[in-house]
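> Sequence:
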Amino acid sequence: MSAPTTTSTATSTSSTAVATKQNAGTSTGTQLTSSQGRTTIADTVVSKIAGMAAREVNGVYRLGGGVARAFGAIRERIPGSGGPNVSQGVSVEVGETQAAVDIDIVAEYGVPIADLATGIRRNVITSLERMTGLEVVEVNISVNDVHLPTDDDAEQPQPSRVA
Numbered sequence: 001m002s003a004p005t006t007t008s009t010a011t012s013t014s015s016t017a018v019a020t021k022q023n024a025g026t027s028t029g030t031q032l033t034s035s036q037g038r039t040t041i042a043d044t045v046v047s048k049i050a051g052m053a054a055r056e057v058n059g060v061y062r063l064g065g066g067v068a069r070a071f072g073a074i075r076e077r078i079p080g081s082g083g084p085n086v087s088q089g090v091s092v093e094v095g096e097t098q099a100a101v102d103i104d105i106v107a108e109y110g111v112p113i114a115d116l117a118t119g120i121r122r123n124v125i126t127s128l129e130r131m132t133g134l135e136v137v138e139v140n141i142s143v144n145d146v147h148l149p150t151d152d153d154a155e156q157p158q159p160s161r162v163a
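According to my numbering, the stretch in the sequence shown is residues 1 to 163, in order.
Possibly wrong hints are sitting among the right ones.
[What the hints assert, rightly or not] Pair by pair, the computed Cβ-Cβ distance ranges are:
1. Gln36 <-> Gly110: 26 to 36 Å
2. Asp152 <-> Ser35: 54 to 64 Å
3. Gln98 <-> Ser35: 19 to 29 Å
4. Arg130 <-> Asp43: 13 to 23 Å
5. Pro149 <-> Gln36: 23 to 33 Å
6. Glu93 <-> Leu148: 30 to 40 Å
7. Leu148 <-> Thr39: 17 to 27 Å
8. Asp115 <-> Gly65: 39 to 49 Å
9. Pro112 <-> Ser91: 32 to 42 Å
These are calculated hints, taken from the structure and not from any lab test. A virtual CB, placed ideally from N, CA and C, is assigned to each residue, including glycine.
I would like the entire structure built from these sequences, with the hints used as guidance.
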């Protein structure tokens, strides 16, 4: 008699595991849409979170392509502009339960780019899924430039040769 009890216990345990797995897969949808209402997350929210998460990774010098960085530098110098644009270099597509992210970066010289991209992906996915409940289906990374140590010298103002 103990054998059938063991079998039924094993069956109920495995069906519980399947039910838990199914609920885990649909939890993103249930967090954003429920019987009490729907939560909509704007693209700008997702792009700001992704931008901040990408900047946190060591080896990222800046976000954005050349033109975006130039406009960003001008924007930062304008009083009352609100400071740096944290979503610069980030574009997103946000659906009801999923998001896709494209990020343009400038990498620090000497950092392995493949490892950097992996770290950025991991941090962006973790941050977005934790903060928004959206499933991140892809994070595409474009490395537009490499920041060299000599680039810092070029950014320093040169003394005037004219008195």
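> If a hint holds in the structure, say so; if it doesn't, say that too.
Evaluated hints:
1. Range check, Gln36 to Gly110: about 51 Å between beta-carbon atoms, so the 26 to 36 Å window is missed.
2. Here the CB-CB span from Asp152 to Ser35 is close to 56 Å, well matched to the stated 54 to 64 Å.
3. Here the CB-CB span from Gln98 to Ser35 is close to 22 Å, well matched to the stated 19 to 29 Å.
4. Restraint check, Arg130 to Asp43: a C-beta distance of roughly 18 Å satisfies the suggested window 13 to 23 Å.
5. Look at Pro149 against Gln36: about 55 Å separates their beta carbons, and that is not inside 23 to 33 Å.
6. Distance hint for Glu93 and Leu148: a CB-CB separation of about 33 Å, consistent with the stated range 30 to 40 Å.
7. At roughly 44 Å, the beta-carbon separation of Leu148 and Thr39 lies outside the given 17 to 27 Å, and the hint is violated.
8. In this structure, Asp115 and Gly65 break the distance hint of 39 to 49 Å, their C-beta atoms being roughly 22 Å apart.
9. Between Pro112 and Ser91 the C-beta distance comes to about 25 Å, which lies outside the given range of 32 to 42 Å.
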